[in-house]
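There are 6 protein chains.
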Amino acid sequence: MKKVVTFGEIMGRLSPPGYGRIVQAQSLNLTFGGGEANVSAALAHLGIPAAHVTKFPDHEMGHAATSYFRKVGVDMQYVQYGGNRLGLYFTEFGAAMRPSKVVYDRADSSFAHLDPKEFNWKEILKDAQWFHWTGISPAISESAAQACKEAIKVANDLGITVSADVNYRKNLWQYGKSVQEVMPDLIAGCDIIVCGKGDAEDILNIVPDGSTKSGWESVCKQIMVKFPRIKKIINTKRGQISASQNTLSATSFNGKQVLKSETVEISQIVDRIGGGDAFMAGYIYGNLILKDEAQSLSFAVAASALKHTIEGDINLANLDEIETVMKGDLTGRLKR
Amino acid sequence: MKKVVTFGEIMGRLSPPGYGRIVQAQSLNLTFGGGEANVSAALAHLGIPAAHVTKFPDHEMGHAATSYFRKVGVDMQYVQYGGNRLGLYFTEFGAAMRPSKVVYDRADSSFAHLDPKEFNWKEILKDAQWFHWTGISPAISESAAQACKEAIKVANDLGITVSADVNYRKNLWQYGKSVQEVMPDLIAGCDIIVCGKGDAEDILNIVPDGSTKSGWESVCKQIMVKFPRIKKIINTKRGQISASQNTLSATSFNGKQVLKSETVEISQIVDRIGGGDAFMAGYIYGNLILKDEAQSLSFAVAASALKHTIEGDINLANLDEIETVMKGDLTGRLKR
Amino acid sequence: MKKVVTFGEIMGRLSPPGYGRIVQAQSLNLTFGGGEANVSAALAHLGIPAAHVTKFPDHEMGHAATSYFRKVGVDMQYVQYGGNRLGLYFTEFGAAMRPSKVVYDRADSSFAHLDPKEFNWKEILKDAQWFHWTGISPAISESAAQACKEAIKVANDLGITVSADVNYRKNLWQYGKSVQEVMPDLIAGCDIIVCGKGDAEDILNIVPDGSTKSGWESVCKQIMVKFPRIKKIINTKRGQISASQNTLSATSFNGKQVLKSETVEISQIVDRIGGGDAFMAGYIYGNLILKDEAQSLSFAVAASALKHTIEGDINLANLDEIETVMKGDLTGRLKR
Amino acid sequence: MKKVVTFGEIMGRLSPPGYGRIVQAQSLNLTFGGGEANVSAALAHLGIPAAHVTKFPDHEMGHAATSYFRKVGVDMQYVQYGGNRLGLYFTEFGAAMRPSKVVYDRADSSFAHLDPKEFNWKEILKDAQWFHWTGISPAISESAAQACKEAIKVANDLGITVSADVNYRKNLWQYGKSVQEVMPDLIAGCDIIVCGKGDAEDILNIVPDGSTKSGWESVCKQIMVKFPRIKKIINTKRGQISASQNTLSATSFNGKQVLKSETVEISQIVDRIGGGDAFMAGYIYGNLILKDEAQSLSFAVAASALKHTIEGDINLANLDEIETVMKGDLTGRLKR
Amino acid sequence: MKKVVTFGEIMGRLSPPGYGRIVQAQSLNLTFGGGEANVSAALAHLGIPAAHVTKFPDHEMGHAATSYFRKVGVDMQYVQYGGNRLGLYFTEFGAAMRPSKVVYDRADSSFAHLDPKEFNWKEILKDAQWFHWTGISPAISESAAQACKEAIKVANDLGITVSADVNYRKNLWQYGKSVQEVMPDLIAGCDIIVCGKGDAEDILNIVPDGSTKSGWESVCKQIMVKFPRIKKIINTKRGQISASQNTLSATSFNGKQVLKSETVEISQIVDRIGGGDAFMAGYIYGNLILKDEAQSLSFAVAASALKHTIEGDINLANLDEIETVMKGDLTGRLKR
Amino acid sequence: MKKVVTFGEIMGRLSPPGYGRIVQAQSLNLTFGGGEANVSAALAHLGIPAAHVTKFPDHEMGHAATSYFRKVGVDMQYVQYGGNRLGLYFTEFGAAMRPSKVVYDRADSSFAHLDPKEFNWKEILKDAQWFHWTGISPAISESAAQACKEAIKVANDLGITVSADVNYRKNLWQYGKSVQEVMPDLIAGCDIIVCGKGDAEDILNIVPDGSTKSGWESVCKQIMVKFPRIKKIINTKRGQISASQNTLSATSFNGKQVLKSETVEISQIVDRIGGGDAFMAGYIYGNLILKDEAQSLSFAVAASALKHTIEGDINLANLDEIETVMKGDLTGRLKR
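Chains as they are written, first to last, in the UniProt record's numbering: chain P, 1 to 336; chain B, 1 to 336; chain S, 1 to 336; chain W, 1 to 336; chain D, 1 to 336; chain A, 1 to 336.
It is possible that some hints are incorrect.
Quick list of in silico lysine to aspartate or glutamate cross-link-like pairs, EDC-like style, CA-CA up to 16 Å [claimed, not checked]:
1) S/K335 / A/D127
2) W/K231 / W/E265
3) P/K101 / A/E60
Here are a few chain D residues that sit away from chain A, every Cβ distance over 12 Å (derived from the structure) [said to hold, decoys possible]:
4) Q77
5) Q80
6) D108
7) D127
8) A128
9) Q174
10) G176
11) V179
12) G198
13) D209
14) K231
15) K256
16) Q257
17) G312
In short, the hints are calculated from the structure, not lab data. For every residue, glycine included, the Cβ atom is placed at its ideal position computed from N, Cα and C.
Next comes chain P alone, as it looks inside the complex (with noise of 0.2 Å):
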């Protein structure tokens, strides 16, 4: 099977142990992740062939990082080693009504200040079938961002699937460049992309014209008028009951209809950190094997789900579990 390829930042997590707040903490948890090379983990643990790119600094924190995702299946080759520094975030872990908190010190990575010409695109992506990067990458640099549109043109050029999680985070744009002025040509290039209403608006300045009841399906309409190559267009909906508990559900469009999801409810949340990126990877397995869009939708609605109960962010769910809750089996009847 061809290869799925990722592109974004990685960066250590810091955190302390239970739900232990940085000031008690004497020690703390190190995992790392980042928005895109999640999605690669989920689908390497889940037997697709899977490659990360980015930058890390050659020194012990980069080389961690590397072994990281190496251990679990993603294909590191083609990450560069150069910089000063990896992006660390801190995060503690709430319940009840206490919020998880996430405090970013990622500014100055090695990934932020990439050469672009690092990456050799035609060579990465040669034995590809989907490529797949997030509105974070080109929110850091305009090197990242330069790097993300290269990536694209290659993907494009070769006639791999390319899919974005737009993601805007506004804190993020600091280089000069507004949001609006850089995203519109990257999102051009791409095939599916996960996009809100509020995305839509703060990216690309489309708001609902009222054509259609739900007003995410007319700002996906008009998106799909604007983007041509854009063939489907998805979303996920968070519930939000308390720190310890939510629920999940999903839609997708398709240029024609809007597709739902069921909604599952997670009832004890161990980690909800990397849950959008476990959707992201069971709906890419989802194309790749199921290939129907409904239960492309469950599965990775279901994927999801069973993140929130793993620790760190990368989703460990193996497949039999994600079939179960597929079908609608939340039960967690031990399994011998």
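Starting from the structure of chain P, add chains B, S, W, D and A where the hints point.
Okay, now just chains B, S, W, D and A, sitting in the frame of chain P:
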């Protein structure tokens, strides 16, 4: 008070901390457990003298298993040492819709290769009032089945109450004899058994005959006809809401009528392994101390429910805690 | 801002990790806490200058206790050192229907044997605006009661607000005097007290006289007649669903009318110890900063609820978290 | 084989992990130990039946202490339960020139307040061949001294060997009687004692009289004149190179000549607490099994040296390991 | 660069933290290792492409083992999955005169039951320049010996360098054939072997014939006559001062002369398991990169010495660290 | 007693447990340290009032750093909050010939971007008797150098003793000015400096002129001519035996003669980071309390040696421990 004696395999249990998966683990928590030894341990914790009979390898892992049960107060003087290995099992703990998972690595254990002549049952049972075994032992090997048979014989001769959890595990029966060849003889020596409808069919080929509304009652009646020594048949019922939440109830049949316990909700599961053994221990405690069937059943259900909040296979719930739950108080009010 | 001063014993707290029982533990987590010092600590965490007055043994355990409270920002310069031991308590954490359990080992502590002359209250309280004590101190020893009395006297002389959680613990009163002999004099010097119906009867022999619908209101009125300095009486109410789930609300009486807070559900309890102290700290914060009784009560309940999600005795909930809960938002939405 | 019986206090031991100081600790490792119980435990580990007699509070900490010694195989059936607290001590582990440190918190323990009548020594000692006590017990309280006295009396009546480590700890004797008032009567009932020159002077007022070159030999001779039951006096000598490195040797006097062991170097100390108790256990093992004084002394020194490499108070060195060191092999060659 | 390929069993390693004994452990650290895979791992860590070939059970423990070696960068694509269990071994770490101890639980592993036909050696070795195996594999089972034989055959056909650590472990040879029946054929296909005097006698029945001063040199000469493909024989020598301190040196014979390395003192051992495998990896690295026998030997000894300071079976010493030790600098000066 | 004030950056320190490498770590221990703050902390631990001045980001990591130093008793009231990040460094601990390793990630910290106007030195230093800084601060940024300069100026005006560890770190000077441009002005305001021969050449271009036998003495004399305010120059010498074993000594020059301390062997290093800061703190303690140069030097060396046995950057050696080592007693005899 005369002691309770149990016989069966004890395995080492290795599980990642928290909700971690085995592929993520850098350390595994080590406990020990076995469906019969857990009964002795729970009884010893409640102050009932209890001895467990088994076979361990004569190396660090066997010694650690002995120590583990000695710690709780189980008399381990009749344990035999020899053979090569301690059976092991690996467990991952699930949450919400993600199931807990058990991987067995128990083949060729010292117990499986025991020599029935190693156990002098007349000596072992001389101060006993109760002997308990389960359907797991005769499934493991011919010699284990033989040891079981001899123990039951001696117990019957000495007028000791014999109980069994008949517990059919299909994938265990590998040594050439079938469950239906081996078990009836053993069951014939029992006074009390735990047996559900499925077990009755699998082991004894007995199915509901329509004589009573409840299929289970009809099955029980047939069993009692066939095995006249049996005075009571009991069964538990688990309601599976999620990996984190279950309900529990039990029924007992004394040849005349079915008694039903209340249903107890377990709103937050810490560790469900050994829940059935805790039930059995609670039921034996009830028979020895409470002498009232409804009370015994209620005590057993309360004990089993509390086990789900205790780490490890052994029920370390205290007497006052069981009595509180038995009275229907599930509020878990802080005790100073 | 002038400081808040608290006075009372601090104990070492030793508890097994997770849901372990003490008989299972190979290590115990070590924190420190006391019903009065927890109030200072929670206030210091919110930026209110706070000093705690107590006595510790002059060895590693006393020094560790000082360090622990210094870490949160409590001014520990008035702590006296001497005597033999730090009071301790052991805690096991329950789940579902299994209660948490506290075993005290606090007799003969350095605090119990303090010499009232060691504390120069004029010096200690000279920059203070608030003095808080609880009914635990006068219960511990005659000298502790005496020190309390002297502190209240000086506070009254200096026009400092005095608050007390009257908190009757029957098993503490062992030194020969009864609660009814000792407490009234101390309560007479208070401006604000936390007092429930039970406390009023036990400590002051005051019971509802039928003059108002609410028994508690009638009790409050009688207290205020007897102790004219008291301007406000407050009380909290805990709904006990399980060891993992509680509800919380509070009432305040200002001599004229009873004010009731909303009821907050705590859907997943991490550590409930210190919940009452967090309430008191929140209420003092409200009195100092918010200056509105309804807001103060609401702030106090929110603070107390959040404490249940924090490990250790001290409320480390942040101001923005308390304010969010105060507004009725219990969703615990992730903060980036 | 007839059992060895020991009598004395068991304390909980709380120590920071690694080389941490108590002021740095967020958790303390919990073990249990006592100068006499450690002897029983080391013997049980070597397969010698051993029972320990003591008193514990009837709560979690007492039960945990019972479990701890039961785990190693010590018969704890004669333990009495009652009183308020378990004695504790806190330890920090030093390295290089930094000393390890012990802070005691043992006053007013259940053991100190035992009632001598609680122990039926005729019953306890009926199957025993050896009774061991130390100078710590009579130092703790009058009732503990009394219990000691009664045990020795019964042991003498039954012809059981009595040994004691006379072990004078000045700061323990607080209850009004002096060591010189109490100890001679108890020593008079001993067959074997551990006693150095300093102890002899402090406890018995016996100093070298110049009759032999070795002052200790002269002291021993005088002791044996005064206490004719004593047949052997032994002593250990520790060479203190650093907190991480010690040497160890021992001498024995049988009334006629002094026997010296080799000196064993301990090149890396893991935990030196209980080293003396391991020596005593080794010496008793030698007397029971090896029946040769030189061998017994050598076994005892080897056992004690190995204890310094074992975590916790109890010597868990295996028989083959002791025998290897006894033969002078300190290379610690890997065993497969 | 062409890859190095290794073949052999990988076991799970379970060991108590610190210097704990297994009977004391509540958790065991989990790593994975095997005498051949450790060579691949150390080479991969130094940047040499390396692939390991083995068989694992297709469950969590097998997947965890794959992940573990993938993390270090070993190519695990040729691993076969099937069979029932992963071989395990339990280790306790000694200190001073207390030896480390290994208890094996490796019988009936998936590797032992491999089918030689599962491995397509032409495919596996097509891009390789070196194949390494050890005497452990042919000792495990006939099928493992057969797989070894086939791999060597293909390697010889392809002109790939073949090395072996002949490593005779008496207690492993249980399947009916003797080492002397099986090994000569395999050794005949080797270019380089690690072989000591004892191994030569046990495996090949070759003893010193007095032709040279050094018995080992004479043995080597005889081996080379018998097995003309062998170009170099190497051997290591461990000086055993204590469990915490060793020395290390090595010799090499090229048919003409014996080359001796310096002796390196390891003054503080962290984990000595895998020291020999680290030597082998260092020697292969030397042969591939340094191309000078004296340098290779020196590099191998330095690598092996450093391994003793690394936790786990795999040598994670960095290139610059090895080079520093190789130059004789053992000061361990802090690197910033 | 008037306080000691220190100024400089504090970093978070993240290190794997034990001897683990970062690529192996699943958690990192979190402590905080800085070359100047460590001096304040060690002094506060010895009872000398000490305040540290720095700048932290106003988020969890900054608050945790404040808490960490507050815990030891350092007055942190002058800390400014703002900017984006806390500088970090990652450390691995070596053993034997494997070096410990430090990876810095400190660029663009809140401290580097401080505004000199934020610190009101007249206010900060008004109750101080000593101000200490190091050559690290002026190396970090122009504004940090400026703040240093202003602090020294005010200290000089107020007649406060000024000390500095001139400590040249080549790779820190990145902001455009050279060490030789910046440092002389700052050194001119010092009364006491720590300065070796290498530092003198790098920073001041001063080399031995042959006027005295000792090159360092000659350098010191030239420094004192150039900077007449300097009354004492001190220096430490580390003997590097291995990563686990060092020796330590120091010299002091008062303008007339060189004083040498004894050499202390550190036979087992636990954590050597902060050893130099512990020396400085010890020397300041000596100057304030002992008032004798030889004693001060000896105290400083003893303190520094003991620091090597303490986990974390801060010297938590107790006064009695330092005094024992100062007397030449390195035996580390157990303290009860």
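Check your understanding: Which hints from the list above does the structure break, by number from lowest to highest?
Key -> Of the numbered hints, 1, 2 and 17 do not hold.
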